[in-house]
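Peer 1: These are the residues of each chain, in order.
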Amino acid sequence: MNYEIDTAKALKSFLSFKLADKTFALEVEKVIEIIEVPKITSIPKAPAHMKGVINLRGQVLPLIDTCVKFGLPAIEPDLNTCIIVIDLLLKEKTIRFGAMVSQVLEVLEKEEDHIHASPSIEANYNLEFVKGIIKENEDFIVVLDIDKTFSVEEVKLMKNANEKKTETSKTK
Amino acid sequence: MKTVLVVDDFASIRKAIVDTLKRHGFNTVEATDGKDALDTLRSSEATIDLVLSDYNMPVMNGFQLLQAVKSDDELKHYPVVLLTSEKANDKKMMAKKAGLDAWVEKPYKIDNLINLLNYTIEKSKKNDSV
Amino acid sequence: MTQYDQMFREEGNEQLEIAEQALLSYESHADIRYIEEAFRALHTFKGGAHIFALTNLGDFAHMIESVLDGIRHELLTDEPRIADKLLKYLDHLKKLMNDPELKDSQIQLKNNQLVKEIKALSSKISDAIKKSDQSKETALLEAFIEQEDEENISTYYLTIQPLIDIETGSGHPVFGILDDIQEMGDHKMKPAFKNDNSIVVRWDLYVACQATREDLEAQFMFIEDEVELTVHKIANFNLFNELGFEELLNVLDKTPTDQKLTELTGYVESLKETLVADSADSDTTGKGSKSGSIRVSTSKIDVLMNLVSELVTDQAGLKMMVSSSPDPQFEGLVENIERHIRQLRDIAFEMTLVPIDRLMGKFRRLVRDCSISINKEVNFKVTGENTELDKIYIDTLSDPIMHILRNCLDHGIESPEERSKKGKPAIGTISLDAYYSGAYVHIEISDDGRGLNIQSIQNKALELGLINENDKPSTSEIYELIFQPGFSTAQNVTNVSGRGVGMDVVKKNIEDIHGEINISSEAGKGTKFTIKVPLTLSIIDALLVKADHSHFVLPLQIVHKCYELRYDSLTDDFNKLLVLDNKQIPFIDLRTELSLDKTPVPEYCNAIVVKCRKMELAIITDEIIGEYQAVLKSVSEYYKHQEFVSGATILGDGSVALVLDADKLVEQKTN
Chain A
1 MNYEIDTAKA
11 LKSFLSFKLA
21 DKTFALEVEK
31 VIEIIEVPKI
41 TSIPKAPAHM
51 KGVINLRGQV
61 LPLIDTCVKF
71 GLPAIEPDLN
81 TCIIVIDLLL
91 KEKTIRFGAM
101 VSQVLEVLEK
111 EEDHIHASPS
121 IEANYNLEFV
131 KGIIKENEDF
141 IVVLDIDKTF
151 SVEEVKLMKN
161 ANEKKTETSK
171 TK
Chain B
1 MKTVLVVDDF
11 ASIRKAIVDT
21 LKRHGFNTVE
31 ATDGKDALDT
41 LRSSEATIDL
51 VLSDYNMPVM
61 NGFQLLQAVK
71 SDDELKHYPV
81 VLLTSEKAND
91 KKMMAKKAGL
101 DAWVEKPYKI
111 DNLINLLNYT
121 IEKSKKNDSV
Chain C
1 MTQYDQMFRE
11 EGNEQLEIAE
21 QALLSYESHA
31 DIRYIEEAFR
41 ALHTFKGGAH
51 IFALTNLGDF
61 AHMIESVLDG
71 IRHELLTDEP
81 RIADKLLKYL
91 DHLKKLMNDP
101 ELKDSQIQLK
111 NNQLVKEIKA
121 LSSKISDAIK
131 KSDQSKETAL
141 LEAFIEQEDE
151 ENISTYYLTI
161 QPLIDIETGS
171 GHPVFGILDD
181 IQEMGDHKMK
191 PAFKNDNSIV
201 VRWDLYVACQ
211 ATREDLEAQF
221 MFIEDEVELT
231 VHKIANFNLF
241 NELGFEELLN
251 VLDKTPTDQK
261 LTELTGYVES
271 LKETLVADSA
281 DSDTTGKGSK
291 SGSIRVSTSK
301 IDVLMNLVSE
311 LVTDQAGLKM
321 MVSSSPDPQF
331 EGLVENIERH
341 IRQLRDIAFE
351 MTLVPIDRLM
361 GKFRRLVRDC
371 SISINKEVNF
381 KVTGENTELD
391 KIYIDTLSDP
401 IMHILRNCLD
411 HGIESPEERS
421 KKGKPAIGTI
431 SLDAYYSGAY
441 VHIEISDDGR
451 GLNIQSIQNK
461 ALELGLINEN
471 DKPSTSEIYE
481 LIFQPGFSTA
491 QNVTNVSGRG
501 VGMDVVKKNI
511 EDIHGEINIS
521 SEAGKGTKFT
531 IKVPLTLSII
541 DALLVKADHS
551 HFVLPLQIVH
561 KCYELRYDSL
571 TDDFNKLLVL
581 DNKQIPFIDL
591 RTELSLDKTP
601 VPEYCNAIVV
611 KCRKMELAII
621 TDEIIGEYQA
631 VLKSVSEYYK
641 HQEFVSGATI
651 LGDGSVALVL
661 DADKLVEQKT
671 N
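Residue numbers (full-length UniProt numbering), protein chains in the order written: chain A, 1 to 172; chain B, 1 to 130; chain C, 1 to 671.
Take these hints with a grain of salt, some might be off.
Okay, derived cross-link-like pairs now, DSSO-like style, lysine-lysine, Cα gap no bigger than 27 angstroms in a straight line [unchecked claim]:
no.	chain 1	residue 1	chain 2	residue 2
1	C	391	C	381
2	B	87	C	188
3	B	126	C	194
4	A	39	C	640
5	C	507	A	148
6	B	87	C	94
7	C	508	C	640
Only part of the chain A face toward chain C is listed, based on derived beta-carbon distances under 8 angstroms [said to hold, decoys possible]:
no.	residue
8	20
9	39
10	53
Which chain A residues stay away from chain C? Per the calculated CB distances, all over 10 angstroms, these [to be verified]:
no.	residue
11	23
12	28
13	30
14	134
15	136
Quick caveat, the hints were computed from the structure, so don't treat them as lab data. Virtual Cβ for every residue (Gly too), placed ideally from N, Cα, C.
So that you can see chain A by itself, here it is in the shape it has in the complex (with noise of 0.2 angstroms):
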């Protein structure tokens, strides 16, 4: 008996993974697979963190510097430097796409009820990317939301952020 009550409990797995000294996670079911990085291609004159372009086997794709995206230096590749290779479903399309992360942790299993709602420890990063959080040993890791943090209107927003930047400059 017991034990179908803790069945019940549906058991969500996160991959965490580190931009710079911090630790994230995203939902599993979103990667299609981690890969090491190949060439890049940058693409001149795109917003810092589109950092470029990659070939996935044929298939070109495009590549985010995750921690620019959150505003954190961007990333030197090394060693641990990886590509969480993720699909996005945008306006009935799926997006695939690459994301650069300073480092691949590991796939934690944890209940659906264990993600606690917006934190309000973590005010450093825009609340708005954020799916909640959970508790792993001591420290609290980051849920992102995927399908916001990457979306294609977010990275439009950007680049207008920065038309209107280099706009006031102008004006100076």
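Start from chain A and add chains B and C according to the hints.
Peer 2: Below, chains B and C without anything else, positioned relative to chain A:
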């Protein structure tokens, strides 16, 4: 008042047609098949202006009735209209050759049927007087 | 009427009884006479049902009748247990007698199921008829039938000219006949009167129906000495479903009688061009032998195209290997493979691509017909009609483009008077320009009309609740509103564009094929729609170049000439013009333009003169690596704003090179 001989073996249809015609100011005489119609035409005291007949009927069908009317010098002045759900063009053609005056397909629109009957009667009267 | 109902019920049941007996006899003794007996009974039943407006009963009886007719004419010879089936249908008909309106959902279900079953039988019969009937239309039209016509609907043009005076409202039988014909299907009828009074001199009737020409002629059989009839079969499918047909009909109203038929056939020809072109291609090989074409599913074609792309990429790798290990035998082999892959690529192209020119006949016609019907004069300019795109997309694009063209004509271009008042030429211009950009084909449709009215779009959107009072949408966001469902420009519905299809459908159609559509507009100057459609197979011959540490690819098609010059000679020129062969040419240095500065500038560089759509331009690169077969891949929506990158391609060493769009480079620079 114009008088129409309504020929149909289906009593319900016959009655429906008769009622419609009466509502539109026609006199009606009824017959249940071609043979009956022919007898009526030959014996009738009342003047009949037009024969409106079904095609498929037992004993003597509409086409046979038409042939009988048009080949009889006494009767051939009666305009004949066939009212039928037959669609075959060859049957229509044969009927036309046999002297049919008009062919109405079921289902029909009442107004169109009435117009056609009036028109056919007028036309045959004109032809007779010439 | 209930008393007839009751009577009909009795007599109807009698007929069904007769039919049932006949079928039972047929089951034990297959004599055609029994079938004929059942046929007659059902026929009578059907007539009665129709008179009492018991449509379901009549229709169902009619369907059984047609199966019986098939058996009677030995067109349904090998159907097992046919009598059994027919009896089942009769049983159902009996049940229908008690529920002619199909109120009981069970009966309705059963009805639908049986109707389907009978239709399957009927189609076997009509197939058999087709087989036995050799004397049909021309081979060209047959190809047409296969494509378009599933229900045997044809479109006819009838002219009816009274030989006697026929007045409207006179109750002449011709009115009843015209009524009946119009009930056969989609139609349009236009009477012409004698000197403005009510005497008709002529009817023009266009109708799409299942009837044959003979059927239509037979309708007039009994008044043939009173009217003169001509019946033209103008298409063996329903033209009323074709875009532009209604406009054409409007035009026909204004066309002299003797030219109407020419107009009609011209229109149908323009439709055929787009539809039958596929088979026409292969037909040139020889007469008599049926063109040796087969049908292949598009998914298989997709797989094939992907494999061709992969092969081209692999081959680039091979070529790189061979350059580092000069074994003559290996080299020869690789060269052979390269040649074969190139041939394979060309054939793949031929299989999948068609020039957009295919659609132009239809478009020109639409613009012409529309402009006549709304009294606007328009010049339709087409460029890039040789641009090729996927066959499977061509049809999908046709309707959206037609719709946009109508919009341009209807809402964009002003009336001649309004135009002259504004100081514009009285004749408006609509241009359609198709061109390649990387792995996409762009189709631009622009007019020089009044432009989009931002205010009225915004008002409309407010009214529809698409935006809020407080929203401050940007101009481009406002244009986007046009593509919202429900945002039809219904306030000025005319018979040209008020056909109930909105721009949302246009957008959806285009997005269905992974394309996109954008609008730009300038008040008073005009509107431009740009449709971007991906090519499923896009392998181009390209020039591979290097600037700084990056590889770029330029379509060889636009490359005109290459020069070598000192890099420092560029900086001397303040006008940003280069003198090559005594000609002044503007240039774009990729290093400065794309902020590439990882490696020191070279001593010598290359100037590649390319022909953009609007100008000639020199592109400055460090190095020209050579010709390259590039398989174009999309660089994803994330790089939507880096427009000068029209795609990417994978090089022999597995790295990615960007495909440059010279036109967009120029645009970006001039902005």
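Peer 1: Indicate, hint by hint, whether the structure satisfies it.
Peer 2: To see whether the hints hold, each was checked on the structure:
1. C:391 / C:381: Given that 27 angstroms is the threshold and the Cα spacing comes to 23 angstroms, the pair holds.
2. B:87 / C:188: 24 angstroms, holds
3. B:126 / C:194: Holds, at about 25 angstroms.
4. A:39 / C:640: 22 angstroms, holds
5. C:507 / A:148: 25 angstroms, holds
6. B:87 / C:94: 25 angstroms, holds
7. C:508 / C:640: 19 angstroms, holds
8. 20: 23 angstroms, violated
9. 39: 4 angstroms, holds
10. 53: 5 angstroms, holds
11. 23: Nearest chain C Cβ is 26 angstroms from residue 23 of chain A, so the label holds.
12. 28: Per Cβ check, residue 28 of chain A is outside 10 angstroms of chain C; nearest 23 angstroms; holds.
13. 30: For residue 30 of chain A, whose nearest Cβ neighbour in chain C is about 16 angstroms away, the distance exceeds 10 angstroms, so it holds.
14. 134: Residue 134 of chain A clear of chain C: closest Cβ-Cβ about 28 angstroms, beyond 10 angstroms.
15. 136: Residue 136 of chain A clear of chain C: closest Cβ-Cβ about 31 angstroms, beyond 10 angstroms.
Violated hint: 8 only; the structure is consistent with all others.
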